[in-house]
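Quick note: to get this note's numbering, add 71 to the position in the sequence shown (first position is 1).
Treat the hints with caution; some may be incorrect.
[To be verified] Under the rule of at most 30 angstroms between Cα atoms (straight-line distance), these lysine-lysine pairs were calculated in the DSSO-like manner:
1. Lys125 with Lys185
2. Lys160 with Lys120
3. Lys160 with Lys89
4. Lys125 with Lys199
5. Lys93 with Lys120
6. Lys193 with Lys125
[To be verified] What follows is a list of derived Cβ distance ranges for each label pair:
7. Asn196 with Ser157: 29 to 37 angstroms
8. Cys178 with Glu106: 18 to 26 angstroms
9. Thr109 with Lys185: 31 to 39 angstroms
10. Asn134 with Ser112: 21 to 29 angstroms
11. Glu113 with Lys184: 28 to 36 angstroms
12. Asn186 with Glu156: 12 to 20 angstroms
13. Pro183 with Cys208: 40 to 48 angstroms
14. Ser157 with Glu180: 18 to 26 angstroms
15. Lys185 with Asp207: 34 to 42 angstroms
16. Gln179 with Lys89: 34 to 42 angstroms
Think of the hints as simulated: they come from the structure by calculation, not from any bench.
Every residue gets a Cβ at the ideal spot worked out from N, C-alpha and C, and that includes glycine.
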Amino acid sequence: MKITAVLIAAASAGNAEKRLNKISGHMYTLLDLMENNTTASENRVIRAKSWVGKLLQQAGEINATLCDSIDAVPESDDILVFDQESYCKLTSQVQTALRSYVRTFGCQETYPKKNFENTFAKRSNRVKNIFSRAGDC
72 MKITAVLIAA ASAGNAEKRL NKISGHMYTL LDLMENNTTA SENRVIRAKS WVGKLLQQAG
132 EINATLCDSI DAVPESDDIL VFDQESYCKL TSQVQTALRS YVRTFGCQET YPKKNFENTF
192 AKRSNRVKNI FSRAGDC
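Given these sequences and hints, build the entire structure.
Have a look at this one:
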C-alpha cells in the first residue's frame, strides 16, 4: 500500500512538472505575441513580463509530491493542447490552466502563504487582463 502511494506521488510530481513547463512555454509565447503582434507599449510588455515571472515562480514553489492528490491523475496530452491561432483564446486558456494547476497539484501544506490560492487567482486574472487589453480582446 505504501509503495503504491509513493509511486502515485512520483507520477503526479512528473505530471506536475510537465504541465507547468507546458504552461510556462505558452506564457512566453503570449509575451512574444504581445511584444511583436500588438500595439502594446514597451512599459506594458515589461509589466506583463514581471507579472508572468511572479506567477510562474509562485506556481513552481508548490511541492506536488507532498500532497495526497487524488485529483492528480495522469492527463492525456490532448488536455494540454492550447490554441496557438487565437491570441485572445490562448490568453484565457493559459489563465485557466494556471489556476487548474494550483488546484490540482497544490494543497494547504505546500502553499507558500496562508491565502495563496485566492491571491494566485487574482494575480492570474490580472495577467489575463493585461494580455487581453494589449490584444483588444
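**Q.** Status of the given 31 to 39 angstroms range, CB of Lys185 versus CB of Thr109
**A.** holds (37 angstroms)
Q: For the pair we were handed, Lys160 and Lys120, check the Cα-Cα distance against 30 angstroms.
A: holds (19 angstroms)
Q: Given the hint that Lys93 pairs with Lys120, test it: the Cα-Cα distance must not exceed 30 angstroms.
A: holds (17 angstroms)
**Q.** Assessment of proposed distance window 21 to 29 angstroms (beta carbons of Asn134, Ser112)
**A.** violated (38 angstroms)
Q.
Verify the CB-CB distance for Asn196 and Ser157 against the hinted window 29 to 37 angstroms.
A. violated (19 angstroms)
Q. Does the Cβ distance between Ser157 and Glu180 fall inside 18 to 26 angstroms?
A. violated (38 angstroms)
Q. Quick one: are Cys178 and Glu106 within 18 to 26 angstroms, going by C-beta?
A. For Cys178 and Glu106 the Cβ distance comes to about 36 angstroms; the hint is violated.
Q.
Between the alpha carbons of Lys125 and Lys199, is the straight-line distance 30 angstroms or under?
A. Satisfied, since the Cα-Cα distance of roughly 14 angstroms is no more than 30 angstroms.
Q | Cβ distance range 40 to 48 angstroms for Pro183 and Cys208, holds or violated | A | Check failed, 30 angstroms falls outside 40 to 48 angstroms.
Q: Quickly compare the C-alpha distance for Lys160 and Lys89 to 30 angstroms and report which way the hint goes.
A: With a Cα-Cα distance of about 22 angstroms, the restraint between Lys160 and Lys89 holds, given a limit of 30 angstroms.
Q. Between Glu113 and Lys184, does the C-beta distance stay in 28 to 36 angstroms?
A. About 32 angstroms separates the Cβ atoms of Glu113 and Lys184, which means 28 to 36 angstroms holds.
Q | Satisfaction of hint between Lys185 and Lys125, Cα-Cα up to 30 angstroms | A | holds (17 angstroms)
Hint check: violations occur at hints 7, 8, 10, 12, 13, 14, 16; the rest are consistent with the structure.
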